[in-house]
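Enquirer: Work the whole structure out from these sequences, hints included.
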Amino acid sequence: MTSEPTHRSTCDFFETNNYFGLDKSNFLYFQQGAIPCFTLKGILMFEQKDKMAITPDGNGGLYDALYKQEFSEISEFSAHQSTDTTSSSSSSIGDEVSSLVFGSSNIVSHLFSTGFLESASIFADQLEYHTFSALHVNRSSEFSLVKNGPARQDMFKLHAKHVEQAGRVVAPQVKIELSPLVSYFGEGLAIFEGKIMAKSGIIHALVDISTFCL
Numbered sequence: 037m038t039s040e041p042t043h044r045s046t047c048d049f050f051e052t053n054n055y056f057g058l059d060k061s062n063f064l065y066f067q068q069g070a071i072p073c074f075t076l077k078g079i080l081m082f083e084q085k086d087k088m089a090i091t092p093d094g095n096g097g098l099y100d101a102l103y104k105q106e107f108s109e110i111s112e113f114s115a116h117q118s119t120d121t122t123s124s125s126s127s128s129i130g131d132e133v134s135s136l137v138f139g140s141s142n143i144v145s146h147l148f149s150t151g152f153l154e155s156a157s158i159f160a161d162q163l164e165y166h167t168f169s170a171l172h173v174n175r176s177s178e179f180s181l182v183k184n185g186p187a188r189q190d191m192f193k194l195h196a197k198h199v200e201q202a203g204r205v206v207a208p209q210v211k212i213e214l215s216p217l218v219s220y221f222g223e224g225l226a227i228f229e230g231k232i233m234a235k236s237g238i239i240h241a242l243v244d245i246s247t248f249c250l
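Numbering (my numbering), first residue to last: 37 to 250.
For the record, the hints were derived by calculation from the structure and aren't laboratory data. Bear in mind the structure is a predicted one, so any value in this text is a computation, not a measurement. Even for Gly, the Cβ is constructed at its ideal location relative to N, Cα and C. Don't take every hint at face value.
Here are the in silico distance ranges between beta carbons for each label pair [said to hold, decoys possible]:
id	residue 1	residue 2	range
1	A241	E200	12 to 22 Å
2	V144	Y65	13 to 23 Å
3	Q201	V144	19 to 29 Å
4	S149	E229	34 to 44 Å
5	D59	T247	16 to 26 Å
Expert: This is how it looks when you write it as structure tokens:
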């Protein structure tokens with residue numbers, strides 16, 4: 037999903053890098069919507085005298101954008117952001133022992149079936165805001181902003197950790213990427229226990245691991 041300012045550069049980036057070895061047909065580009073920008077006092081903002089300032093409509097815009105693009109058959113692992121509270125200058129940020137009152141954040145990693153999304157609009161107005169559940173996770177293994185430069189390094193570190201937990205040593209200079217078809221949470225890697233990963237690269241299948249080991 038792109039936005040109007042980023043669409044062309046995003047398409048060109050993947051084209052220039054030959055889609056990083058993936059089949060071009062696996063890529064679908066579509067633009068999310070936009071909403072007007074307002075100041076904190078509710079005043080409409082303008083980019084120029086005759087041009088209203090707009091901004092992408094957020095993660096939640098994914099579904100409306102897909103609908104408008106008529107992507108009718110898509111299985112997706114997607115993010116959706118919903119916010120029912122806002123903070124103000126008087127909000128509590130700490131307690132008497134200098135700990136944060138609200139020390140966690142929603143990483144907006146949600147799963148929805150397409151069937152649910154297609155039917156949700158029927159009863160959406162009847163739903164009240166509520167907290168369903170909260171699951172605390174380790175940030176280093178569960179969350180990294182892909183739009184930030186360090187995201188790839190975070191992934192390399194995580195996959196190296198999976199390899200090392202399976203009993204294998206990863207040389208300091210080696211950068212390993214595990215295909216989710218090989219291992220998602222580090223499972224299924226014990227078969228190569230005791231070997232040293234000495235070559236950087238993407239491991240697409242278990243049979244490939246031996247080519248990266250000493």
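Enquirer: Look at the Cβ atoms of S149 and E229 and judge whether their distance stays inside 34 to 44 Å.
Expert: With Cβ atoms ~38 Å apart, the hint holds.
Enquirer: Could you tell me whether the CB distance from A241 to E200 stays inside 12 to 22 Å?
Expert: Between A241 and E200, where Cβ atoms are some 20 Å apart, the hint holds.
Enquirer: Taking the Cβ atom of D59 and the Cβ atom of T247, is their distance within the range 16 to 26 Å?
Expert: The hint (16 to 26 Å, Cβ to Cβ) holds, given that D59 and T247 are roughly 22 Å apart.
Enquirer: Honestly, do V144 and Y65 meet the 13 to 23 Å range at C-beta?
Expert: Holds, since V144 and Y65 (Cβ atoms, about 21 Å apart) stay within the stated range.
Enquirer: Between the beta carbons of Q201 and V144, is the distance compatible with 19 to 29 Å?
Expert: 27 Å Cβ-Cβ, so the 19 to 29 Å window holds.
Violated hints: none; the structure is consistent with every hint.
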